[in-house]
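S.K.: Going down the list, the sequences are from chains A and B.
Those letters in the first sequence? Residues 1 to 267, by our numbering.
Those letters in the second sequence? Residues 1 to 337, by our numbering.
What the hints contain is simulated information worked out from the structure, not anything from laboratory work.
Keep in mind the model is a prediction, meaning the values are calculated, not measured.
Ideal placement from N, C-alpha and C gives every residue a C-beta, glycine not left out.
Keep in mind that the hints are not guaranteed to be accurate.
[What the hints assert, rightly or not] With the C-beta cut set under 8 angstroms, the calculated list includes, among others, these residues of chain B facing chain A: (1) S7; (2) L217; (3) L221; (4) E222; (5) L223; (6) K232.
[Claimed, not checked] Computed list of chain A residues with no C-beta within reach of chain B, every gap over 10 angstroms: (7) D13; (8) D20; (9) I23; (10) Q27; (11) H67; (12) A75; (13) L80; (14) I91; (15) R99; (16) F102; (17) R105; (18) D133; (19) L139; (20) L151; (21) Q155; (22) I175.
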Amino acid sequence: MNLETKNLTTGYDKKVIINDLDISIQQGKINIIIGSNGCGKSTLLKNIARLQRPMSGSIMLDSRDIHSYESKEFARKLGLLPQSPVVPEGISVFDLVTRGRFPYRKFMSNLKDEDYTAVNSALSLVGITELADRHIDELSGGQRQRVWIALALAQETDILLLDEPTTYLDIQYQIEILDLLFELNRTKGTTVVMVLHDINLSSRYGDYIFALKEGKLVDHGDPKKIITKDLMKEVYELNCLIIPDPLTQDPMVIPIGKHSSTKQIKR
Amino acid sequence: MNKQLNSYKTRLHTYRIKRAILILLVASAAILALCIGNTNYSPLYVIKVLLKIESKGSFTINTLRLPRMLAGLAAGFALGMAGYIFQTLLRNPLASPDVIGVSAGTSTAAVFSILVLGFQGPFVSVIAIAIGLAIAFTIYFLSKVHGHFSHIKMILIGIGFQAMLTAMTNYLLTRSAEFDVASTLQWLSGSLNGIMMDNIPWYLFSILTLFLILLMLNPNLELIILGDELSKSLGMQLNKVFNLFIIIGVLLVALTTAITGPIASVAFLSGPIAVRIFHNNRSNLVTAGLIGSFIVLSADLLANNVFSVHYPVGVITGILGAPYLILLLITISKGRK
């Protein structure tokens, strides 16, 4: 599954958000897109997921333009967890996750044994087997997020896109979800492409980082190599210190604010 | 691992039992509609009359009650499905065709062609359907913002159209003193009074055809409740499917309104009742249709047999709809807090 953008220019209405972007997603790795608000991270993800059409340029999956795929065929190759999915009422987790089998359903046919197997293994992979009979609107944010991931897993795609999967979650759930994605990537070899806000978590969990600014690629590569003071300055206009994460030795960003030192003096 | 699958199958089983009970209820209401009235007949006798074994009561049963029952059955089914489609597509319980001007458009057109243009018979239905469709699609195209369709805009524009069209119908009716009150009421609130057998075959055929197309599209409704982005990423051709559903939904309502007038609240109520009883584990298209049939048939039985005056069925369904609308508005505003 080779996924890359070629001279991708895209945006909303007539406003260009991403301009002439060439990136190549690393197969079988955890790819993380970072950048400040409005830099085009989500727009990029939406274009890759075919939710939006490029203005010019193209996105190629296995050397074919993604828009040349039939829609169910494409959905068997690439799954998406949107930033804030609609939470339907009165639907149990198991039944919700069966909807992930839509791209495999033939015209007018019912779910088959292999569909149930896929649903069951998706539920157990994300560790929510015991929630199968609960209604999704009764679950906590972290549990819901697992349900959405299970739905995308039931889709059985080689590539999984996630738009800020940790944004509305408490910190313990953020770590749980990222651990889960890490395990999926390492055990099943699923290529993960996600947008994350938190640089330190990106640096810890990402195998490969794409740093965007105003729709252009500033740098890309192994977080150990590219997360630097200069990059933070350029992408976020942030002054910072970079220290090695005491646990993992990955680069860790310590922001320097206007009053960082004054507060210290007061103490 | 099989525990989850088993409880899934139990849910499916419960769903099927509930649906079978609902079908039985609809069937009983349909049979009652043939048996009960000014003269009561036993179900067995009714069958004999239908099969032309007995001839006494043939006028009452074959000419008066049968077309009335068939129209009620199909109209309820069509309105129930159309309401569920609109509410699901627009993800809003207020987004029912009888709230957002679709049925009002058809009935205004019918009243206009009868009273102002002086047309009669099936020609009125054809014009009513054509203008009803035109008004529905005007609402639809006005709801596009920069080429993107806006759900909430469609609902608001629709409610505006609804008010305007109902006012026009009222105006036209008050201007025509010679027009008799019974037919007037049909175009205000919908009625099964005076439905002729001549109109029934083509109406049933159209509703059945649309129903078969909907059955093929049905799995898509299970995805649409997950939102646009997930629907698309699961391989659904959202825009195509969305437009097709809107066209079929509007056709169901326009065809029905041309036959019965705008039977109030059926489209609005059926979907939420079906969801309450059957939950959202699978599409409620068919169950909402069955609920619609049941509402119309039982409301018509009530209207004809309980009160000394034979009210149009729409008066009874309208009374059912009002408290639900109030309840809905209260729960929506509570949800905001």
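S.K.: Run every hint past the structure and note whether it holds.
M.R.: Hints, one by one, checked against the model:
no.	hint	in the structure
1	S7	holds, 5 angstroms
2	L217	violated, 10 angstroms
3	L221	violated, 11 angstroms
4	E222	holds, 6 angstroms
5	L223	holds, 6 angstroms
6	K232	holds, 6 angstroms
7	D13	violated, 6 angstroms
8	D20	holds, 24 angstroms
9	I23	holds, 20 angstroms
10	Q27	holds, 20 angstroms
11	H67	holds, 12 angstroms
12	A75	violated, 3 angstroms
13	L80	violated, 4 angstroms
14	I91	violated, 4 angstroms
15	R99	violated, 6 angstroms
16	F102	violated, 5 angstroms
17	R105	violated, 7 angstroms
18	D133	violated, 5 angstroms
19	L139	holds, 15 angstroms
20	L151	violated, 8 angstroms
21	Q155	violated, 7 angstroms
22	I175	holds, 25 angstroms
When held up to the earlier numbered hints, the structure conflicts with 2, 3, 7, 12, 13, 14, 15, 16, 17, 18, 20 and 21 and fits the remainder.
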